[in-house]
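Q: One letter stands for each residue in the lines below.
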Amino acid sequence: MSILRYILLILITAKSSVLFAQNDTIYHPALRIGFDVSGPARQLVEPETSTMELSLDYEWMENFFAVLEAGILNVQIEKESHIYQADGKFFRAGADFNLLGPQPGSLNDLVLISLRYGFSTMDHKAPYILIPDPFWGDHRSSLSPEKFRAHWLEAGLGLKTELFRNLFIGWGLRGRLLLSKTREPEMEPYFIGGFGKSNNNTSLMLHYHIAYRIPFR
Amino acid sequence: MQALYCKYRLLTSFLALAALLILIQSCGDDQVCEDITANDLRIGFYTAGEGGVDWTVVDSLKAGTPDRPGQFIYDRIYSVSSLELPLNPSGDISRFVLDFFTTADTLTVSYTREKHLLSVECGFTMFFEINEVSHTTNLIHSISVPVEYVTNNLDEHFKVYITDTDNSEK
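Chains A and B are the protein sequences, given in the same order. When we follow the working numbering, the leftmost residue of the first sequence carries the number 1, and every step to the right adds one. When we follow the working numbering, the leftmost residue of the second sequence carries the number 218, and every step to the right adds one.
Warning: the hint list may mix true and false statements.
To be verified - Below, a list of computed lysine-lysine pairs in the DSS-like style, where the Cα atoms sit at most 27 Å apart:
no., chain 1, residue 1, chain 2, residue 2
1, A, Lys89, B, Lys332
2, A, Lys197, B, Lys332
3, B, Lys332, A, Lys125
4, B, Lys332, A, Lys79
5, A, Lys181, B, Lys332
6, B, Lys376, A, Lys147
7, A, Lys89, A, Lys197
It is worth saying that the hints were derived from the structure and are not from the lab. No experiment lies behind these values; they were computed from the predicted model shown.
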């Protein structure tokens with residue numbers, strides 16, 4: 001709840017700053033290339049899971065951005081009781097809307113509402129599985145490589161601030177709802193690339209971006 | 218000035234959320250594997266009479282399997298209202314002998330197995346989908362299966378109805 005309260009506070013203060021702003025900026029379409037640093041950051045805490053993600057957005061209308069995001073996933077878990085490996089790719093397409101509107105001077109900060117459709121495909125396998133059982137005895141087995149696909153919708157809120165000219169940093173909080181996935185797989189994946197942990201049909205993830213804007217003039 | 222203040226707020230929020238992310242992720246690893254890999258078949262004992270279904274207590278019980286004679290899951294326990302029986306993760310059928318001392322019943326459970334990766338640290342566990350249950354009828358009257366998926370939830374999977382000996386005598 002405290003996160004939501006914090007985000008709400010940011011949105012209210014950001015919107016109020018627009019009231020003071022004068023509409024003296026001229027709209028210039030621009031392409032922005034971004035890198036999601038939360039993947040490498042996550043790897044520091046969870047070295048078994050690595051994701052790399054790039055994004056591309058284009059302001060096709062003032063305050064409206066068409067967005068494409070793509071990334072790769074690699075999971076390598078090797079423990080005494082199990083080995084699990086996964087390789088996958090994921091894609092998202094959608095739009096961002098900037099709540100902040102035009103700003104005075106050279107500021108290009110954004111408060112964004114995001115909507116996305118996401119798709120992920122992956123191959124995963126478990127070459128060694130040990131399930132200990134004190135009564136029946138340990139169960140040893142493996143799971144051969146299997147393809148897994150998932151589709152989802154997501155919505156989110158985020159910020160981007162222009163740290164230096166054309167260089168942005170920002171974060172986005174995304175809520176995701178799984179629409180469909182491979183039916184009755186032999187094994188549920190540990191992590192769906194671009195979606196998150198696959199424990200249930202929803203996920204909430206925080207992303208951090210570094211992005212560079214290429215102005216078209 | 219207003220613009221600078223706005224930028225300051227955005228940067229502060231970025232750093233605060235970065236700290237929050239690290240905090241949340243460091244808490245996520247604090248799991249107890251024994252608790253979340255516990256996926257035993259949970260049984261409750263009941264009597265079904267003219268007054269409806271009542272929860273009941275079995276005076277004393279031994280539980281084991283005919284596949285492993287001499288080994289017991291429970292070796293003489295008293296005042297039993299519920300029971301947790303481990304399903305065999307290496308087979309599709311588990312058989313249990315419930316020895317009530319005055320008499321005994323055999324319970325045969327067939328199921329489909331599904332391996333499930335819980336987490337990096339806890340590894341895999343087996344979930345089960347119950348297909349069929351059969352039993353002898355010495356003390357057990359009947360069995361209903363309100364929950365057919367045996368996972369790490371704390372559901373009661375079987376309601377075992379004990380023959381109402383008081384009514385039988387009437």
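Q: Hint by hint, say whether it matches the structure.
A: Going through the hints against the structure:
For the suggested pair A:Lys89 and B:Lys332, the alpha carbons sit about 24 Å apart, so the restraint of at most 27 Å is met. Annotation: proposed proximity of A:Lys197 to B:Lys332 holds, straight-line Cα distance about 16 Å (limit 27 Å). Proposed proximity of B:Lys332 and A:Lys125 is supported: the alpha carbons are some 12 Å apart, at most 27 Å. Of the pairs offered as hints, the one joining B:Lys332 and A:Lys79 holds, with about 16 Å between alpha carbons and a cut-off of 27 Å not exceeded.
As the CA atoms of A:Lys181 and B:Lys332 are separated by approximately 18 Å, the hinted pair is consistent with the 27 Å bound. Taken as a hint, the B:Lys376 and A:Lys147 pair is broken in the structure, with Cα atoms around 39 Å apart against an allowance of 27 Å. Only pairs whose Cα atoms come within 27 Å are accepted, and A:Lys89 paired with A:Lys197 is accepted, the gap being roughly 15 Å.
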